[in-house]
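In order, the protein sequence lines correspond to chains G and S.
Heads up: the first sequence begins at 1 in UniProt numbering, then just goes up one per residue.
Heads up: the second sequence begins at 1 in UniProt numbering, then just goes up one per residue.
Bear in mind the hints are in silico, worked out from the structure with no lab data behind them.
Since this is a predicted model, take the numbers as computed values, not measurements.
Hints are supplied without guarantee of correctness; some may be wrong.
Intra- or inter-copy, both count: the list cannot distinguish identical chains.
[What the hints assert, rightly or not] Derived DSSO-like pairs: lysine-lysine, alpha-carbon spacing no greater than 27 Å straight-line:
| id | residue 1 | residue 2 |
| --- | --- | --- |
| 1 | K295 | K373 |
| 2 | K57 | K426 |
| 3 | K363 | K426 |
| 4 | K190 | K373 |
| 5 | K190 | K57 |
| 6 | K373 | K426 |
| 7 | K57 | K212 |
| 8 | K363 | K295 |
| 9 | K212 | K426 |
| 10 | K373 | K363 |
| 11 | K362 | K57 |
There are 2 protein chains.
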Amino acid sequence: MTDTRTTPPIIPEESGETPKPVVIPVDCREEVANISVEEFAHPADAAEHIQNLTLEKQVCMMQHLAAEDAAEALAEMEDRVQTDILENLDPEVAARILGEMSPDDAADVLSELDADHRDQLLRYVEAEDAGDAEEIRTLLAFDEDTAGGIMNTEIIILNHNLTADQAIMHIRREMEDKEIPYYAYIVDDKLRLAGVLSLRDLLLCRPGSVLKNELSDQSLISVLFDVDREEVAHTLARYDFMALPVVDYEGRLLGVVTYDDIIDIIHDEASEDMLGMVGAGQDETVDTPWLESVKVRLPWLLVNMFNSAASAFVVYMFEESIATMAILAVLMPIVANQAGNTGQQALAVMIRQLAVERFDRKKSWIAVLREAKIGLLSGLIIGIVVMFAVFGFTQNLRLAQVVSLALALDMVLGALAGASIPLILKELGRDPAQASSIFLTTLTDGAGFFIFLGLATVMLL
Amino acid sequence: MTDTRTTPPIIPEESGETPKPVVIPVDCREEVANISVEEFAHPADAAEHIQNLTLEKQVCMMQHLAAEDAAEALAEMEDRVQTDILENLDPEVAARILGEMSPDDAADVLSELDADHRDQLLRYVEAEDAGDAEEIRTLLAFDEDTAGGIMNTEIIILNHNLTADQAIMHIRREMEDKEIPYYAYIVDDKLRLAGVLSLRDLLLCRPGSVLKNELSDQSLISVLFDVDREEVAHTLARYDFMALPVVDYEGRLLGVVTYDDIIDIIHDEASEDMLGMVGAGQDETVDTPWLESVKVRLPWLLVNMFNSAASAFVVYMFEESIATMAILAVLMPIVANQAGNTGQQALAVMIRQLAVERFDRKKSWIAVLREAKIGLLSGLIIGIVVMFAVFGFTQNLRLAQVVSLALALDMVLGALAGASIPLILKELGRDPAQASSIFLTTLTDGAGFFIFLGLATVMLL
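Work the whole structure out from these sequences, hints included.
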């Protein structure tokens, strides 16, 4: 039928907006002066300011700012800008900035680069500080979408045999470098996580008491490094923790995931669901180059086209009926539309359910039943309203009955489908939102046309 | 036309699932024993366990648990369960539990009750501890959707004339009761917020140095009490703060909003958008009683019905053309569907943009242009594909041209509408997501049918 091979040549392989490797020297002294007088309350503000400059000025600024300031600002920028800057920056300067970043931020930034460029920069980082490079490499080895991929490693670790006052002294010495200085992680001699104490707990301990005795009645919640980041977010949100320790299969402490990363993940996951539902790119934003968006969305539009061709085929089967009674074509969209909307409501509730709570199979299928009941009652009510309206308009009682019956049936089906599609996708191990809206519409359209035109053909013609 | 007055009798005013005020005495000794042996790692787990019991057992448990445990568990439960329990619990016991909760949690729980019941319980709380009741009343006066409505008041406040070691002593004394013991808020003699110091900052200060001298180069980020909670979430997420101070118009410190509340808000806002888009209740979950869901969704389904009646009317204008050429009715849904999907993609990107970033008018309208470009190129590509497919199927070149032209035009329109609708709603001061999907479909359906059937009538008949 449709030959998708006709389309690719129109979309260039490269988006055309990737930066040129050669940067024209520009003067950014004025901008650097602005940054250095601490005009900005927070690195996030400096990052936003720099992001709005041209690439040339961005690179110039990163070159001239103190490595520490540059590192803080770079960490706050959008992925695309980070990549552009690193690709155009002198590698030695880039390595110095990466060295100043926390290892997890550095790994995040580097993971966006292509492998060659990443390795090159890591060699420069290594030349400055072999330990930093090692730590970044370790973090890069974890899957980005897992606890390991989002964890921080700059944490305070204390042996369980220390006393409380030794611990506080240790923390005073170390805390300046650490990202989360509010918790200390207590490990045994094999580096297995034994407990967590907050700075507040430590201050409330008797100075001489040994840490492991302070952990006795603690229940320890941690996650494995290979747990999906959405699951990590659920756990952290459920327990209102500020940080959640990440361990390996032997229970050894690897790092922690902190609340600020979770906030980003929750935003990301919500975007992924809403965008995925309609077949847009899951990480698309208004800053995505438009050709890239076309490339991602087009396949789904083609899927949608095949799907609507299927619905159209249903109508085609009843072409005779429509030729005899064109009013059917008028009422057809009402049936499909109402069922579509009903299904979308069920779909939205289910997708959010899966996003906010841990998956519970039984509870989920009970929710499908709930949607069916909602669809049935709404279908009856809307069906009655439509019956009166169509009768008032056409004076044809049989037609009014057929429309309202088809509408009610299709609405129940829409509710059932809307509620089930995410669960079925989930059970198949797929993303519950992906293209769910497209599949739903196909079903409500196809079934709606079939029921309505079928009933009409049998009962009216 | 449609008489909505026919519908209300079907939906009872009360959902029918609200609890009866008289609770049958049940035995919950077994369950209480399970809770008291600290079977649960965290109050959230205990809350989940209790939530799954019958209302009678829930009430019995709250009655028999230690007030402190009951308070912790109650704070973690869902709104509906909290309300059910409080409405059926002996008011003295309820007051004792509320007194053990942090004032902001207690205010949250009470805000769900009806005014009479709330006042009654507050009088009981007052009898136990007038200060608690006063604080809860103050918090209840703030709008739930603002910084004031979500802030915590159990914070450490230090006068700016204290020395660092006095401050640490003070914190040691007070911290046990405070929810966020990691920051101390420094105020001047008029209680105006002067700065924030973390426990870590304090430990790093010279012991004798006066706090106000430690604040000199600090830039202070706070929010006004009447700022919308979504804006508060943006600010906290932007700066990766753990807590954000809330002040009044005179700059006096009122409380702080913490990261854990923000996580809930981000979840809530994402749900509101996705549910609002399709006209479901913005706080609906799978636990909402189904009749209540029908009540909330039905008005939007009726709006959708009027809208699809409008699209149907467009088709009706071309009834003659369809009677002459029934294939038009077959192809009609393809045009509307593709444009609808294109619009949904634009809509999703824009709604997420507004959810994740602060609103920037210029940037937003540039994004509309971006969507228009995406719609145009996708429209051309899909148009060409459809032209070949329709020609292959019907051997009618003119028809194929008309379909593909209508499709491309409607897709551009869909992209423009999908991108603009949230912005227009926002500019009008409305929720950008509310019913946006319903309006979009109306537009793409109506315009799609009009363009396609209009072109067909002019060019083919």
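Hints and how they fare:
1. In this assembly of identical chains, the alpha carbons of K295 and K373 lie at most 27 Å apart only when taken from different copies (13 Å versus 40 Å within one copy).
2. When the C-alpha separation of K57 and K426 is checked against a cutoff of 27 Å, the pair qualifies neither within a copy, at 46 Å, nor between copies, at 34 Å.
3. When the C-alpha separation of K363 and K426 is checked against a cutoff of 27 Å, the pair qualifies only within one copy, where the shortest distance is 14 Å, while the shortest distance between copies is 36 Å.
4. Taking the shortest alpha-carbon separations for K190 and K373, neither the intra-copy value of 56 Å nor the inter-copy value of 59 Å comes in at or below 27 Å.
5. For a Cα distance limit of 27 Å, the shortest separation of K190 from K57 qualifies neither inside one copy, at 50 Å, nor across copies, at 45 Å.
6. In this homomeric assembly, K373 and K426 come within 27 Å of each other (Cα to Cα) only inside a single copy, at 22 Å, whereas the closest approach across copies is 34 Å.
7. In this assembly of identical chains, K57 and K212 lie within 27 Å of each other by CA distance neither inside one copy nor across copies; the values are 54 Å within and 38 Å between.
8. In this homomeric assembly, K363 and K295 come within 27 Å of each other (Cα to Cα) only across copies, at 22 Å, whereas the closest approach inside a single copy is 38 Å.
9. Proximity of K212 and K426 under a CA criterion of 27 Å is satisfied in neither setting, with 42 Å inside one chain copy and 55 Å between copies.
10. Proximity of K373 to K363 under the C-alpha cut-off of 27 Å is restricted to the intra-copy arrangement: shortest distance 15 Å within a copy versus 43 Å between copies.
11. Only between protomers do K362 and K57 lie at most 27 Å apart by alpha-carbon distance; the minimum there is 22 Å, versus 56 Å within a single protomer.
Violated hints, in rising order: 2, 4, 5, 7 and 9; the structure is consistent with all others.
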